[in-house]
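For reference, the chains in residue letters:
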Amino acid sequence: MIKVGIPRALLYYQYYPMWKTFLEELGAEVVVSPPTTQTILSSGSSRVVADTCLPVKVFCGHVLALIGECDHIFIPAIRSVKTKIYNCSKFLGLPDMTRAVIPESPPILDIDIDINTGKRELYQAIYKLGRRFTWSPFKVRKAAVAAWQAYLKYRQLMSNYGLTIPQAIARISNTTEAEPKTLSSHPSQASIAIVGHPYLLHDEHINHRLIHRLEQADYKVLTPEMLTGEQLELAITRLVGRPYWTYEEEVVGAGGYYLESGVDGVIGIMAFGCGPDSLMMDMVRRQSARLKTSTFMSLTLEEHTAEAGIATRVEAFLDMIQRRKRRRAEACV
Amino acid sequence: MRLGLPHMGKIYIAVKCMADELGIDLVIPPPTSQRTLDLGVKYSPETACLPFKLTLGNMIEALDLGADTTMMPGGPGPCRFGYYHKVQEAILRQLGYNFHMVTQDGGLKHVINALTNGAPLRKVIVAFNFGIAKLKAVEGLEQMVHKIRAIERDKGSASRIYNESCKAINNVGDHQALNQTKQECLQRLNNLPTVAFPKPLKIGITGEFFVVLDPFANMDIEIELGKLGVEVKRSIFVQDWVRFNPFLIALGLREKDRSHKAAIPYLSHHVGGDGWQSVGEKVLHAKDWDGMVHLEPFGCVPEIMARNIMPSTKEKLPVLNIILDEHTGKAGVVNRLEAFVDMIRRRKKGKVCV
Chain A
18 MIKVGIPRAL
28 LYYQYYPMWK
38 TFLEELGAEV
48 VVSPPTTQTI
58 LSSGSSRVVA
68 DTCLPVKVFC
78 GHVLALIGEC
88 DHIFIPAIRS
98 VKTKIYNCSK
108 FLGLPDMTRA
118 VIPESPPILD
128 IDIDINTGKR
138 ELYQAIYKLG
148 RRFTWSPFKV
158 RKAAVAAWQA
168 YLKYRQLMSN
178 YGLTIPQAIA
188 RISNTTEAEP
198 KTLSSHPSQA
208 SIAIVGHPYL
218 LHDEHINHRL
228 IHRLEQADYK
238 VLTPEMLTGE
248 QLELAITRLV
258 GRPYWTYEEE
268 VVGAGGYYLE
278 SGVDGVIGIM
288 AFGCGPDSLM
298 MDMVRRQSAR
308 LKTSTFMSLT
318 LEEHTAEAGI
328 ATRVEAFLDM
338 IQRRKRRRAE
348 ACV
Chain B
69 MRLGLPHMGK
79 IYIAVKCMAD
89 ELGIDLVIPP
99 PTSQRTLDLG
109 VKYSPETACL
119 PFKLTLGNMI
129 EALDLGADTT
139 MMPGGPGPCR
149 FGYYHKVQEA
159 ILRQLGYNFH
169 MVTQDGGLKH
179 VINALTNGAP
189 LRKVIVAFNF
199 GIAKLKAVEG
209 LEQMVHKIRA
219 IERDKGSASR
229 IYNESCKAIN
239 NVGDHQALNQ
249 TKQECLQRLN
259 NLPTVAFPKP
269 LKIGITGEFF
279 VVLDPFANMD
289 IEIELGKLGV
299 EVKRSIFVQD
309 WVRFNPFLIA
319 LGLREKDRSH
329 KAAIPYLSHH
339 VGGDGWQSVG
349 EKVLHAKDWD
359 GMVHLEPFGC
369 VPEIMARNIM
379 PSTKEKLPVL
389 NIILDEHTGK
399 AGVVNRLEAF
409 VDMIRRRKKG
419 KVCV
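Sequences listed follow chains A and B, in order.
The first sequence begins at 18 in my numbering and counts up one residue at a time.
The second sequence begins at 69 in my numbering and counts up one residue at a time.
Hints were generated in silico from the structure; no laboratory data involved.
No incorrect hints appear here.
A partial selection of chain B residues facing chain A, derived with a Cβ cut-off under 7 Å:
#1 A116
#2 P144
#3 V155
#4 A158
#5 L335
#6 G367
#7 I372
#8 M373
#9 R375
Derived DSSO-like pairs (lysine-lysine); straight-line CA-CA distance at most 27 Å:
#10 B/K215 <-> B/K417
#11 B/K416 <-> B/K382
#12 B/K301 <-> B/K324
#13 B/K398 <-> B/K235
#14 A/K159 <-> A/K20
#15 A/K156 <-> A/K20
#16 B/K204 <-> B/K223
#17 A/K159 <-> A/K99
#18 B/K329 <-> A/K145
#19 A/K99 <-> B/K177
#20 B/K329 <-> B/K204
#21 B/K329 <-> A/K136
#22 A/K101 <-> B/K324
#23 B/K416 <-> B/K384
#24 B/K270 <-> B/K215
#25 B/K177 <-> A/K101
#26 B/K329 <-> A/K101
#27 B/K110 <-> A/K309
#28 B/K84 <-> B/K204
#29 B/K204 <-> B/K215
#30 B/K416 <-> B/K295
For every residue, glycine included, the Cβ atom is placed at its ideal position computed from N, Cα and C.
Throw the hints in and build the complete structure from the sequences for me.
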């Protein structure tokens, strides 16, 4: 059985159930790299030039962690999943960059997903990937359909039950360790939305367990994946018009939606030096200044971000929300 | 309508010419200066790149001079440049400016309609042609100046003639006068006293197009290299975007296509911006250039990808990477260029001895 490694970074969070189903249907065994550690991050950042963004450094670390664990590494180049809306450069050149900076990595299984070239090209790309495992086009087709179903189910699970990505992945893979948190007996103090790309929100090492911190302080945490695609798209259209980047909905869409819905606080998370985020988060910040409904904070992550810094800023942010709530309550009386 | 456009190198000459032909009231913002940069930096998101800050500064200066319409190229693509107009519009509106932003979102036809004052198509084509002719004249001279700067006897004379020529070309009114001016300028450049020794080095300049084309953004890097006796090779010119040559396109002989093709073994697809071309030029010119200067604004993701991939190519060529942002000092850039040129000269000497 061929062992295929999937790095636990970047698009893993969006598409893992889909990729897993596809590869397993074709008879491969899927190996996922362990959660990010300092060793993984350091080894990754030693390979790439200094101003590469944090998620790519993490990604390289995960590829390095998979060396020796698998026969192939699956690194898709997802260029565009909607017409005329492209992805960030780092996703476009990911397989080529990995080959260049990690020459010793196992052979890379890459697939170019570009919706702009037409359906036929897309099917051929999928078939080309499938042919590495089987000669039968029907089997590839079956696997692709199953993968798509798994993806839809995964999205539904998150938007219907309000699960975060790690919880949904845990539920799909039937591991019990990460049971979704049962509602605590007393209602949570306030709700805080975290907007940003899932590879920043759900990598507990690089964001220093931000979600955990907020939950411990008894806040209800909302994330972009808890919204449906339509909600996100509508929010983007209202805020900036036509979306420009593939994953813009995770930042501008979710940010716009949560600001409008009047949650108590919104935290925007971005990586230092991220091209798209630097502009998208600015749009969200401007919107929050215009609406004045929720408190907004933007956190920029990089490999030197210290845990104490994050903790202090989060504490100050929560204090601010509490003060604001108290003031409002007094004003009502 | 009073149109104010951001600067990029000498492109304003062509734009002014087209606007004059079409009877558009054009406000040319003052040449990019430290003030422009300061204005841009003050109001931009902190990690936006240098082109964003400079163009925003230009727009503010143009709007202060009374412009009521501005334009920023945009449109889908993986580089964040296409998103700039949205953010810049939001920033300028928040600053209290009342203006109309022309963007490519409604398609090219919409842009032409918005900018041509309702002129008939024939007139638009004539104006466009003349503008392009001026652009070609300026860039033709520029290519010539790249060669002469390296070998001129009195350093700085070629740049002086070039600046005077640009002014002269800016003022001419028809094709005939343009040709005449161009010939005169070429003559003047050719008549400059030169030295035969040392033999000039050939160093290419590549990278993100805005910082390559804008002398303010790249700290006059071409002039500095010229002072060091280097013949600058550059394949990014504005005229390549507007020149339409079906023959060359069909054969894939345009410089851009050739460099893309050369990059394919290392980077198989477009990564936005000019990342693909940067890798390709290193591969393509490894034999005929002595070195390459790779320019990028800080935080340019396509060029970061290119920089990650470049060292792994089989074709070897010394590359000096210069990252530009508002904190870049000219002395630092000049120092690094000097060291780079010294290194290449030493390498060449070593090769000759062996």
